[in-house]
Each structure stands twice: as C-alpha cells, then as structure tokens.
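**Q** These protein sequence lines map, in sequence, to chains A and B. Residues are numbered in the working numbering as their position in the first sequence, beginning at 1, plus a constant of 259. Residues are numbered in the working numbering as their position in the second sequence, beginning at 1, plus a constant of 259.
Among these hints, one or two may not hold up.
Same chains, same names: a pair is fine if it fits in one copy or spans any two.
Once the Cα atoms are required to be at most 25 Å apart in a straight line, the calculated DMTMM-like pairs of lysine to aspartate or glutamate come out as [to be verified]:
no., residue 1, residue 2
1, Lys427, Glu337
2, Lys374, Asp312
3, Lys308, Glu373
4, Lys432, Glu412
5, Lys307, Glu373
6, Lys427, Glu354
7, Lys431, Asp356
8, Lys307, Asp295
9, Lys427, Glu324
10, Lys427, Glu381
11, Lys431, Asp378
FYI, nobody ran anything at the bench for these hints, they're computed from the structure.
Spelled out from the first residue to the last, the chains are:
Number of protein chains: 2
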Amino acid sequence: MQAEHEVVVLRLGHRPGRDNRMTTHVGLTARALGADRVVIAGAASGSKKTIDDITDRFGGPFDVELTDSPRRVIREWEGTTVHLTMYGLPIQNVEDDIRRDLDDDPLLVIVGAEKVPFDVYELSVYNVGVTNQPHSEVAGLAVFLDRLFDGRELGREWENATHRVIPKETGKKVEPVEEA
Amino acid sequence: MQAEHEVVVLRLGHRPGRDNRMTTHVGLTARALGADRVVIAGAASGSKKTIDDITDRFGGPFDVELTDSPRRVIREWEGTTVHLTMYGLPIQNVEDDIRRDLDDDPLLVIVGAEKVPFDVYELSVYNVGVTNQPHSEVAGLAVFLDRLFDGRELGREWENATHRVIPKETGKKVEPVEEA
Numbered sequence: 260m261q262a263e264h265e266v267v268v269l270r271l272g273h274r275p276g277r278d279n280r281m282t283t284h285v286g287l288t289a290r291a292l293g294a295d296r297v298v299i300a301g302a303a304s305g306s307k308k309t310i311d312d313i314t315d316r317f318g319g320p321f322d323v324e325l326t327d328s329p330r331r332v333i334r335e336w337e338g339t340t341v342h343l344t345m346y347g348l349p350i351q352n353v354e355d356d357i358r359r360d361l362d363d364d365p366l367l368v369i370v371g372a373e374k375v376p377f378d379v380y381e382l383s384v385y386n387v388g389v390t391n392q393p394h395s396e397v398a399g400l401a402v403f404l405d406r407l408f409d410g411r412e413l414g415r416e417w418e419n420a421t422h423r424v425i426p427k428e429t430g431k432k433v434e435p436v437e438e439a
Numbered sequence: 260m261q262a263e264h265e266v267v268v269l270r271l272g273h274r275p276g277r278d279n280r281m282t283t284h285v286g287l288t289a290r291a292l293g294a295d296r297v298v299i300a301g302a303a304s305g306s307k308k309t310i311d312d313i314t315d316r317f318g319g320p321f322d323v324e325l326t327d328s329p330r331r332v333i334r335e336w337e338g339t340t341v342h343l344t345m346y347g348l349p350i351q352n353v354e355d356d357i358r359r360d361l362d363d364d365p366l367l368v369i370v371g372a373e374k375v376p377f378d379v380y381e382l383s384v385y386n387v388g389v390t391n392q393p394h395s396e397v398a399g400l401a402v403f404l405d406r407l408f409d410g411r412e413l414g415r416e417w418e419n420a421t422h423r424v425i426p427k428e429t430g431k432k433v434e435p436v437e438e439a
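Construct the complete structure from the given sequences, taking the supplied hints into account.
**A** Here you go:
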C-alpha cells in the first residue's frame, strides 16, 4: 500500500469488445501508479486476465475483481468516494482534502466510460475534474494517483515478480528476479 | 503555450481501426494537459476529426497533424526529444533536466503503441519511464505533462471556445461562451 489505507479503483460502464483496451489500460494504470485493487463493472474477463498476467510477471500486490453491482460497491464503501469527471471540482482545489481523508479512511476512485449515470455523481463524496476538458479516463486516473501519492508510487517496490525492468538510457533490459 | 517553447506530442504506430480510441485519447490528453500540437503517424483522420471538434467546442489553440514520416519528424526536430517508454530512465530522475531544456528549446514527446522500432530509442535524447511497469501510453503522457508544467496547465485559459464547463460539486454544467 502506498498510503495508510487501501486505494481501490472502480471502473464503470465497461462494454465488452468496444472497451476492452481502455479497461485494460485503466487497470494497468491503477496497478502501476499505486492503487491496491481494481474492480471492473461488467464482463471484463479478458482485461482481468491481462492485468493478472502482468502482476504475475512484474509483481504486486494487486488484485482485479469483476462486479455486477457497481452501485452497491459505491453505496457500501466504508470510506471516501471520488468520482473523476470533467464536470467536477478542479483537482488542484480538492486534492489536499482528499489526501487528508486518506489518512483516516480507504478511498474508492470511480472512473467511467463515456456516459456515467447521474446517481454516481450523487453517491460520490467528491466529483473531481483533472481539468474541466474532455480527454481520457486513463489520463485522469494517472494524474489523480500521482498527485494523491505525491509521486511516492514511482519509487515503490514490487513483490513476487518473476521479471523486472532495469532502466536504461537507450534500449530495453528485462531481468529475471532471483528471490532472496 | 504553457512554457517558453512549443511542446509537441508525436504519436507513433497508429493502426487504423484497432488504435482509433487510444490515439484519440492520446491527442485529447495532449490538448487538455498543455501540449501545443499532436502529430499522428498514420491514417488517423477519424481521431483528428474528433480532436479538432473538441478544440472547436472547448477552445485552443491546439493543432492536429498527420504524418507518413514520423522518423523525419524526430530527426529534423530542432530541440529536445523525449521518448516515453517503460524501459527508460525514471521520470523523477530526469524531469528537472527536461524542464530546463524546455527553457531553451522546443520539446517533442514521443509516445508509441505496443511495439516501437529500436531506432526511436536511439534517435531520442531521453528515453523516460513513468514507472518501469507496463501500463498505458495515455497515462504516461498525462503524468509526464503534469510534471513538465508543474501543474500550471490545470489553470490555463482557453481561446475561441464556444462552450465551457462550470465546475460543480455534483452534476454537469456546460455554458455557451459569450465573446467579449
């Protein structure tokens, strides 16, 4: 965990086929940038498999779950809920409050696909815009997590990886991990 | 412009059909998070149209260009080139250098699709990883731009918009813009 409490990403509105890659990117971004878990609403077994495979190879802990009841996940969440939307309050104005809330409680970060039902706005404690411009739920999630963790997620350790990337000025280097 | 010099995003490896949404998200993220222009390698007229439509509605300046010669764009770039890749040097170690370079020269930010030809690594001044984990070119670009501009891009003004979003705690509010 990158914080005192768990940070979970809830992906809404996955349409099988059409959204497979975006949903996979949401999950991989959640993992890489420090969330503990992603919950995907809908039939996203392909995305789940891709993300689980990456976790097996490059490490965790990180979990992927599927749900048919995303509203219940939101309603029953015992902690803070943040819905990322271009219509919300500017992240730069609310990020300090959200970071303080994370000192006390777990955080659910909700990212939609193109249309999000209105009650999600009402069920969320915060509606937050990473800019008030239309762009990408993947981009919004990435900036949100990097700011939430103040960049600490970039230096984290990964457990139970079989491989790791050795950063290089040019080219690619991947090494098998020898368990101590 | 969010900096002294122009920041341009070059999108490599667009495969028509398969990559349409990812390429559109790359372009919209470039626009929303402060780049001046996106150049897309390949037949991406659909993505160009979507991004141009958003600029017409929500403002600019922001330009979208297509190219058949992405290597020439890189080779002939008069300034700094940064290739975002999970194999590169950690962003937190090189971002200060890149920010200083942007005080002197324009910056080309190169983002690939799944496979990037090896010579792109060699042609780039910096190969930079937003984490050394596999995730999303959209997420990498978003975190890179937010750090490059130190968050200044979040408060920018937009010119020649016909509409703007009024940030709200709950719900959606979009207003027509009255030109002064």
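**Q** Compare the structure with each hint and give your call.
**A** Hint check results:
For the identical chains of this complex, Lys427 and Glu337 are inter-copy neighbours only, at 24 Å across copies versus 42 Å inside a copy, given an alpha-carbon limit of 25 Å. With identical chains, the CA atoms of Lys374 and Asp312 are at most 25 Å apart between copies only, with a shortest distance of 18 Å across copies and 29 Å within one. Taking the shortest alpha-carbon separations for Lys308 and Glu373, both the intra-copy value of 23 Å and the inter-copy value of 18 Å come in at or below 25 Å. Taking the closest pair of Cα atoms, Lys432 and Glu412 come within 25 Å of each other only inside a single copy of the chain (21 Å); across copies the shortest separation is 34 Å, beyond that limit.
Taking the shortest alpha-carbon separations for Lys307 and Glu373, both the intra-copy value of 20 Å and the inter-copy value of 19 Å come in at or below 25 Å. Proximity of Lys427 and Glu354 under a CA criterion of 25 Å is satisfied inter-copy only: 15 Å between copies versus 33 Å inside one chain copy. Taking the shortest Cα distances, Lys431 and Asp356 sit within 25 Å of each other only across copies (22 Å), while inside one copy they are farther apart (40 Å). Only within a single protomer do Lys307 and Asp295 lie at most 25 Å apart by alpha-carbon distance; the minimum there is 14 Å, versus 36 Å between protomers.
Taking the shortest alpha-carbon separations for Lys427 and Glu324, neither the intra-copy value of 34 Å nor the inter-copy value of 31 Å comes in at or below 25 Å. With identical chains, the CA atoms of Lys427 and Glu381 are at most 25 Å apart between copies only, with a shortest distance of 12 Å across copies and 46 Å within one. Taking identical chains as interchangeable, the C-alpha atoms of Lys431 and Asp378 lie at most 25 Å apart only when they sit on different chains, with a minimum of 12 Å there against 46 Å within one chain.
When the structure is compared with the earlier hints, a violation turns up for hint 9 alone.
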